[in-house]
Amino acid sequence: MITVLFFAGQQELIGENKLERPESHIKISDLKAKLMEEYPKLSLQHTMTAINEVYAEEEEFAGDNDIVAFIPPVSGG
Amino acid sequence: MEKYSITSEEIDVSAVINSVIHPEAGAVNTFIGTVREFTKGKQTVSLQYEAYASMAEKQLKGIGDEISEKWPGVKTSIVHRIGMLAISDIAVVIAVASPHRAESYEASRYAIERIKQIVPIWKKEYWVNGEEWIGDQLENKAYPDGKPEEGSK
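For the record, the sequence lines run as chains Y and G. Quick note on numbering: UniProt numbering labels position 42 of the first sequence as 42, and the sequence is numbered without any gaps. Quick note on numbering: UniProt numbering labels position 51 of the second sequence as 51, and the sequence is numbered without any gaps.
These aren't lab readings, by the way, just hints derived from the structure by calculation. Some clues are possibly wrong.
Just a sample of chain G residues kept apart from chain Y, beta carbon distances all over 12 Å, derived [what the hints assert, rightly or not]:
#, residue
1, PRO23
2, GLU24
3, GLY41
4, GLN43
5, SER46
6, LYS70
7, PRO72
8, GLY73
9, PRO99
Among chain G residues calculated to face chain Y with C-beta under 10 Å, some are [unchecked claim]:
#, residue
10, ALA51
11, ALA56
12, ILE115
Straight-line distance between alpha carbons at most 27 Å, and here's what the computed DSS-like set of lysine-lysine pairs gives [said to hold, decoys possible]:
#, chain 1, residue 1, chain 2, residue 2
13, Y, LYS18, G, LYS61
14, G, LYS116, G, LYS42
15, G, LYS70, G, LYS124
16, Y, LYS41, G, LYS124
17, G, LYS42, G, LYS3
18, G, LYS58, Y, LYS18
19, Y, LYS18, G, LYS116
20, Y, LYS18, Y, LYS34
21, G, LYS124, G, LYS40
22, G, LYS124, G, LYS3
23, Y, LYS27, G, LYS58
24, G, LYS116, G, LYS58
25, Y, LYS18, G, LYS124
26, Y, LYS27, Y, LYS41
We treat Cβ as the ideally placed atom computed from N, Cα and C, and that holds for glycine.
Using the sequences and the hints given, assemble the complete structure.
The following block contains the structure:
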């Protein structure tokens, strides 16, 4: 199982800050594609990804018990 | 006091400064970011910051580590507030203590620029007639590699 976290506008758009997913081994780009299919208004193309709080590439895999966070362009400061 | 933190409380500026002062320092540069009322003619009423706090604190510490590598002997503390803020409220405080003044200015500037690149914090602006998350994928930059650039070492 993978935990997926959403923030800011994306969180408002899907109405959840967290999803528990049944996948146990999935490439980030595939996970993004699946989620965009399930939530047609969600756009993750320009969104960064962190696996367990470390920025990850699109080709990396998330595994069982990982926490995947989608990080839209940041605006702190 | 934690030197790198995300807080929903008012930031104690003196505590941030005191956390970096050390005997080898000859300069302390403090940057205070506040909530601006007008941006390009648009009037902000209030502002909300949200963070992925646990990761954001790690990223802030990472910026402090980058600074220590680039400017040896420089100590940094960064505290960012989240939640609802009003005009002129303090959103972020960066204190940098260094042996000499030149690197305290450079390191302070470096810290705020890196915050805007790699730290998972988002702000939502509330105007008289609407609201919007700033930096959303529709209006801000994309990350062609899927993640921000690593710090130059």
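Now for the hints, and whether the structure bears them out:
| no. | hint | verdict |
| --- | --- | --- |
| 1 | PRO23 | holds (30 Å) |
| 2 | GLU24 | holds (28 Å) |
| 3 | GLY41 | holds (19 Å) |
| 4 | GLN43 | holds (18 Å) |
| 5 | SER46 | holds (15 Å) |
| 6 | LYS70 | holds (19 Å) |
| 7 | PRO72 | holds (25 Å) |
| 8 | GLY73 | holds (25 Å) |
| 9 | PRO99 | holds (26 Å) |
| 10 | ALA51 | holds (7 Å) |
| 11 | ALA56 | holds (8 Å) |
| 12 | ILE115 | holds (5 Å) |
| 13 | LYS18/Y with LYS61/G | holds (25 Å) |
| 14 | LYS116/G with LYS42/G | holds (21 Å) |
| 15 | LYS70/G with LYS124/G | violated (33 Å) |
| 16 | LYS41/Y with LYS124/G | holds (19 Å) |
| 17 | LYS42/G with LYS3/G | violated (34 Å) |
| 18 | LYS58/G with LYS18/Y | holds (21 Å) |
| 19 | LYS18/Y with LYS116/G | holds (24 Å) |
| 20 | LYS18/Y with LYS34/Y | holds (16 Å) |
| 21 | LYS124/G with LYS40/G | holds (16 Å) |
| 22 | LYS124/G with LYS3/G | holds (25 Å) |
| 23 | LYS27/Y with LYS58/G | holds (24 Å) |
| 24 | LYS116/G with LYS58/G | holds (15 Å) |
| 25 | LYS18/Y with LYS124/G | holds (20 Å) |
| 26 | LYS27/Y with LYS41/Y | holds (21 Å) |
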